[in-house]
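Colleague: Just so you know, the sequences run in chain order P and E.
So for the first sequence, the numbering used here puts the first residue at 1; every next one is plus one.
So for the second sequence, the numbering used here puts the first residue at 185; every next one is plus one.
Please keep in mind that the hints were generated in silico from the structure rather than gathered at the bench.
Just so you know, not all the hints are guaranteed correct.
[Unchecked claim] Covered stretches of chain P, going by a simulated chain E footprint (3 or more residues, C-beta under 8 Å): (1) 12-20; (2) 38-48; (3) 104-111.
[Said to hold, decoys possible] Listed below are several chain E residues computed to face chain P (Cβ distance under 10 Å; list not exhaustive): (4) Ile198; (5) Ala200; (6) Arg206; (7) Val207; (8) Arg208; (9) Leu212; (10) Ser213; (11) Lys217; (12) Ile220; (13) Leu221; (14) Asp222; (15) Arg227; (16) Ala228; (17) Pro230; (18) Ala234; (19) Val243.
Ideal placement from N, C-alpha and C gives every residue a C-beta, glycine not left out.
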Amino acid sequence: MSMRKTIEVITKLAERGTFKSYALAGAVAALNYIEPTLTQDLDILISVADFEKHKSGLILLAPIEKALKEMGYADRSDVGFIIEGWPVQFLPVASPLDEEALEKAIELEIDTDVGPLLKARCLRAEHLVAIAIKVGRLKDLARVQAFLEQKAVDLSVLKEILLRHGLMDKWLSFCLKAGIENPL
Amino acid sequence: MSDDQARYPDISDILACKAAGRVRNASLSFAAKLAILDALRERARPFVEARKIRAVGRVGKGAERAVPT
Numbered sequence: 001m002s003m004r005k006t007i008e009v010i011t012k013l014a015e016r017g018t019f020k021s022y023a024l025a026g027a028v029a030a031l032n033y034i035e036p037t038l039t040q041d042l043d044i045l046i047s048v049a050d051f052e053k054h055k056s057g058l059i060l061l062a063p064i065e066k067a068l069k070e071m072g073y074a075d076r077s078d079v080g081f082i083i084e085g086w087p088v089q090f091l092p093v094a095s096p097l098d099e100e101a102l103e104k105a106i107e108l109e110i111d112t113d114v115g116p117l118l119k120a121r122c123l124r125a126e127h128l129v130a131i132a133i134k135v136g137r138l139k140d141l142a143r144v145q146a147f148l149e150q151k152a153v154d155l156s157v158l159k160e161i162l163l164r165h166g167l168m169d170k171w172l173s174f175c176l177k178a179g180i181e182n183p184l
Numbered sequence: 185m186s187d188d189q190a191r192y193p194d195i196s197d198i199l200a201c202k203a204a205g206r207v208r209n210a211s212l213s214f215a216a217k218l219a220i221l222d223a224l225r226e227r228a229r230p231f232v233e234a235r236k237i238r239a240v241g242r243v244g245k246g247a248e249r250a251v252p253t
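So here's chain P without its partners, still in its complex pose:
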């Protein structure tokens, strides 16, 4: 059971064509830029087109569930699918910000002990920060502070994203809560 293996399964799902576009999101994506912090699950951002839509408008995970079952991962928890011991949540794109973040995701090359590098798509630092500002829970804001303290974000790119998606008020509110001067 390891997060690397979990990510490997996600890349295999993409190779099988289960979804067209995906990217690591949330705390695991943040790992690429800041120091490791504890998390209990893996968030995968995925395009809406990859979800099955029910007549009622509900979005269904049936194709992903079917593919995972075929690969031997049939367990679910209240948090998501269990893949290699880690709960995984597939989150549909739910805003223009998500859509832009998914489109501009980068490709990570992850070292493996055996075999070739594992390639996985991951959200950019600036989009992770903008999404955290938008969601606005205390743990999201703490992550934003870590990005700033560890100089892991391009402030000019972040400013453009925040302006483009109408998040400047939320940004200023974060600066107030964090007791910092607006660095943008």
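Starting from the known structure of chain P, arrange chain E on it as the hints suggest.
Modeller: Below, chain E without anything else, positioned relative to chain P:
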């Protein structure tokens, strides 16, 4: 000694070391960070399990209270 006369040690060097450590950890490879994440999860597992048990206990007590008398 009154509060305004109390002297406390300067811990700015400790805080600076901690900040430097965070920056050092941030510069590790993604694969190394994934391994740390797995290890952190294992270390936190007993606490997470205990929290779940406490939560179940709270729900149970709530249910007892909800039973009409």
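Colleague: If a hint holds in the structure, say so; if it doesn't, say that too.
Modeller: Outcome of the hint check:
1. 12-20: violated (count 0)
2. 38-48: Held - the region 38-48 of chain P has 3 residues with a Cβ nearer than 8 Å to chain E, which meets the minimum of three.
3. 104-111: holds (count 3)
4. Ile198: Given a least distance of 16 Å, the restraint on Ile198(E) is violated.
5. Ala200: violated (12 Å)
6. Arg206: With Cβ-Cβ at 5 Å, under 10 Å, it holds.
7. Val207: holds (6 Å)
8. Arg208: holds (8 Å)
9. Leu212: holds (8 Å)
10. Ser213: Because about 6 Å separates Ser213(E) from the closest Cβ in chain P, which is inside the 10 Å limit, the hint holds.
11. Lys217: holds (5 Å)
12. Ile220: holds (4 Å)
13. Leu221: holds (5 Å)
14. Asp222: Asp222(E) check passes; min Cβ-Cβ to chain P is 5 Å, inside 10 Å.
15. Arg227: At 9 Å from the nearest chain P Cβ, Arg227(E) passes the 10 Å test, so the hint holds.
16. Ala228: Nearest chain P Cβ about 6 Å off; hint holds.
17. Pro230: violated (13 Å)
18. Ala234: violated (14 Å)
19. Val243: For Val243(E), the interface hint is violated, since the closest Cβ of chain P sits about 13 Å away, which is over 10 Å.
In terms of the numbered hints stated before, the structure departs from hints 1, 4, 5, 17, 18, 19, listed from lowest to highest.
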